[in-house]
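Starting from the known structure of chain A, arrange chain B on it as the hints suggest.
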Amino acid sequence: LAKTTQPISMDSYEGQEVNITCSHNNIATNDYITWYQQFPSQGPRFIIQGYKTKVTNEVASLFIPADRKSSTLSLPRVSLSDTAVYYCLVGDGGTALIFGKGTTLSVSS
Amino acid sequence: GAVVSQHPSWVICKSGTSVKIECRSLDFQATTMFWYRQFPKQSLMLMATSNEGSKATYEQGVEKDKFLINHASLTLSTLTVTSAHPEDSSFYICSASENRGRFEQYFGPGTRLTVT
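Chains as they are written, first to last, in the numbering used here: chain A, 1 to 109; chain B, 1 to 116.
Okay, chain A solo, but in the shape it has when bound:
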C-alpha cells in the first residue's frame, strides 16, 4: 500500500508555475520526502528531497509544513520537456520506496 496520495493528473502551460501536493499522513520520524520524475521507458530521476520546511535546488522547490503530513513540489516556469510522471515518496533511504500512482503532468504550448 502506497504511503502517499497525489492527484492523478495535472495540466499546465509553458511558463507557468506548477505546484503538486502530496499527502503522507503516516510519515515516520525517520522518513524523508523525495520527489522523482519519470519519462516513458526511463528510470525515475531524483528531483528534490527534504525533511522539513523548505528546500530549493536548481530545478524545484519543496515545501513541507511543520506537521510533515503533506508536501508540495513547485516547478517554476515549466516547459514542454517537463511533461512526465512525478512521484512523491517517503522513506529513510535504507528501505524500499513504495510507489503510488504518481501525478501525470502535461505541459502544453
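Worth flagging that the hints you see were computed from the coordinates, not collected in a lab.
Idealized CB from N, CA, C, for every residue including glycine.
Treat the hints with care, since some could be wrong.
Taking lysine-lysine pairs in the DSSO-like style, the calculated list, with each CA pair at most 27 angstroms apart, reads [claimed, not checked]:
1) B/K41 x B/K66
2) B/K55 x B/K20
3) A/K3 x A/K52
4) A/K3 x B/K55
5) A/K3 x A/K69
6) A/K69 x A/K101
7) B/K14 x B/K66
8) A/K54 x A/K69
9) B/K41 x B/K14
10) A/K54 x A/K101
11) A/K3 x B/K64
12) B/K14 x A/K101
13) B/K41 x A/K101
14) A/K3 x B/K41
15) A/K101 x A/K3
Partial chain A-side listing against chain B, Cβ under 10 angstroms, derived [stated by the list, open to error]:
16) S41
17) Q49
18) A66
Showing chain B alone in chain A's frame:
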C-alpha cells in the same frame, strides 16, 4: 549525483529461456539494492530487496524461484528471470541507496524485457 547502470537496456528472449539483468552502482557502494517491475501505464511495483551477501527479500506474490536475485558485491546485483513467459514482459528497474548521511535512492535506466 551517484549513478546506477543496468545491462542490458533491452532484451528479447524466447519463452522458456532465462535472462539475466545486471544492476551496478558505478561510483558508490550500495549495501542494499531494490528491484522493481513496471507494466505499461502503471507505477513501479517493488519486487524484492537485495542485500549484499545475503538472500533477497521478496514481496508478496513475487516468485523467488522464478526471479533469482544475487547481490554478490557492493556494486552489483543481478536479477535472473527463469523460464520466462510472455507475461514476464515488462520494464525492470533497479535502485540503490547511498546511505551516507543522505537518503536518496538512485534508479537505473531500466531494462525492457520482451518474451516471445
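What hint numbers does the structure not satisfy? The structure breaks hints 12, 18; every other hint is satisfied.
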